[in-house]
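> What follows is the residue order along each chain.
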Amino acid sequence: MSTPARVLPQDRPAALRVLGATALVGVVATVWLGLFVTPPDQFMGNLVRLLYIHPPMAWVAFLAYGVATLASLLYLWPRTRAEHFDRLAGASAEVGVVFTGLTLVSGSIWGRPTWGAWWVWDPLLTTTALLFVLYLGYLALRRVPGEFHVRARRSAMAALIAFVDVPIVYFSVEWWRSLHQAPTVLNPTTHKTYVHGSMFWTLLLGFVSFTLVYIWLMAHRYRLARLQDLEDVEGLEVALEERRAEGDAG
Amino acid sequence: MNGYVEAGYVVVLGTLGTYGVALAARERVARRRLGTASSAAPTGTSAKADFPAQAGEASAVEHRAVEETEPGSGP
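Order-wise, the sequence lines are chains W and U.
At position 42 of the first sequence (counting the first as 1) the number is 42 in our numbering, and the numbers step up by one without a gap.
At position 11 of the second sequence (counting the first as 1) the number is 11 in our numbering, and the numbers step up by one without a gap.
The set of hints was computed from the structure by calculation and includes no laboratory data.
Quantities reported herein were computed from a predicted structural model and do not represent experimental measurements.
Just so it is clear, CB atoms sit at the ideal spot from N, CA and C, and this is done for glycine as well.
Any given hint might turn out to be false.
To be verified - Label pairs and their in silico Cβ distance ranges:
hint : chain 1 : residue 1 : chain 2 : residue 2 : range
1    : W       : T190      : U       : T15       : 35 to 45 angstroms
2    : W       : Q181      : U       : R28       : 35 to 45 angstroms
3    : U       : T15       : W       : V144      : 40 to 50 angstroms
Stated by the list, open to error - Below, a sample of chain U positions facing chain W; criterion: calculated Cβ distance under 8 angstroms:
hint : residue
4    : Y9
5    : G14
6    : L16
7    : V21
8    : L23
9    : A30
10   : R31
11   : R33
12   : L34
Unchecked claim - Some chain W residues well away from chain U (every beta-carbon gap over 10 angstroms; in silico):
hint : residue
13   : D11
14   : G34
15   : R49
16   : V98
17   : G101
18   : W110
19   : P113
20   : L205
21   : E231
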């Protein structure tokens, strides 16, 4: 049997380039509106400008972990089990960890002038830090060597366990007395926004733009994971061929 | 404005930019390495064994099991 031509994932497909360009334009517009166009807040002053990036970071982290959990469930379900769901879970979780880290850092930078401290052991902050550590552990677990499906199955289980912390983070401001403010974008009763005018649209643009950034990063991380898997298989095949050649020579 | 706002934007945008560039660079390196390995790889291996992800995303282990049942494809 001859070896067919190798078909690698397409190098920078047009859709991905368009997505990246759109995300970049959105982020630039968010930064421009957030820093130079929107007015200072009546209570927070200019510090409100950090809120055009901080809540989108948290939203994207939740979204990324949601995607990782869904992909893990699809991997664990025997009828839908496929390698690409494992890769998707790993890629999404890694991007989620980056956004969780940025949520913590941007929140800390906002908290220093607002609360007078870089860090407080507030329920929301503490559970978010726990979330960060849980998914770091998940990423570490993915790197433990082993047969593909064994590693993928235990990673998927770990992803499901780690996701338990996501609703705890979200509802912590309601369940416990918290220094961190409750959700203030939408009123849960009236479904009307608390944020007005250009401030609302800038915040909305921030949510959309950073979601696009997430999709772009996740797509690239997925493609990298696929290339790494191909490399692993290739390395194994080369090693097997070398052993066969040694055997034939002997 | 104050330094906190600028610092927040620099940290967030800088980190995302660095991460994105690093991913793209790692992808390029992996692609180049695979291209090199492909030209040096021995012939005689099947497409399924080489690229399990392209054959319905099934595993390499599953493909080996299928190959063993194919007449004339054994070692």
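> With reference to the structure, classify each hint as holding or not holding.
Structure-based check of all given hints:
no.	hint	result
1	W/T190 - U/T15: 35 to 45 angstroms	holds, 36 angstroms
2	W/Q181 - U/R28: 35 to 45 angstroms	holds, 43 angstroms
3	U/T15 - W/V144: 40 to 50 angstroms	violated, 27 angstroms
4	Y9	holds, 6 angstroms
5	G14	violated, 10 angstroms
6	L16	holds, 6 angstroms
7	V21	violated, 10 angstroms
8	L23	holds, 4 angstroms
9	A30	holds, 4 angstroms
10	R31	holds, 6 angstroms
11	R33	holds, 7 angstroms
12	L34	holds, 6 angstroms
13	D11	violated, 7 angstroms
14	G34	violated, 8 angstroms
15	R49	violated, 5 angstroms
16	V98	violated, 6 angstroms
17	G101	violated, 8 angstroms
18	W110	violated, 7 angstroms
19	P113	violated, 5 angstroms
20	L205	holds, 15 angstroms
21	E231	violated, 6 angstroms
Hint compliance for this structure: hints 3, 5, 7, 13, 14, 15, 16, 17, 18, 19, 21 are broken, all remaining hints hold.
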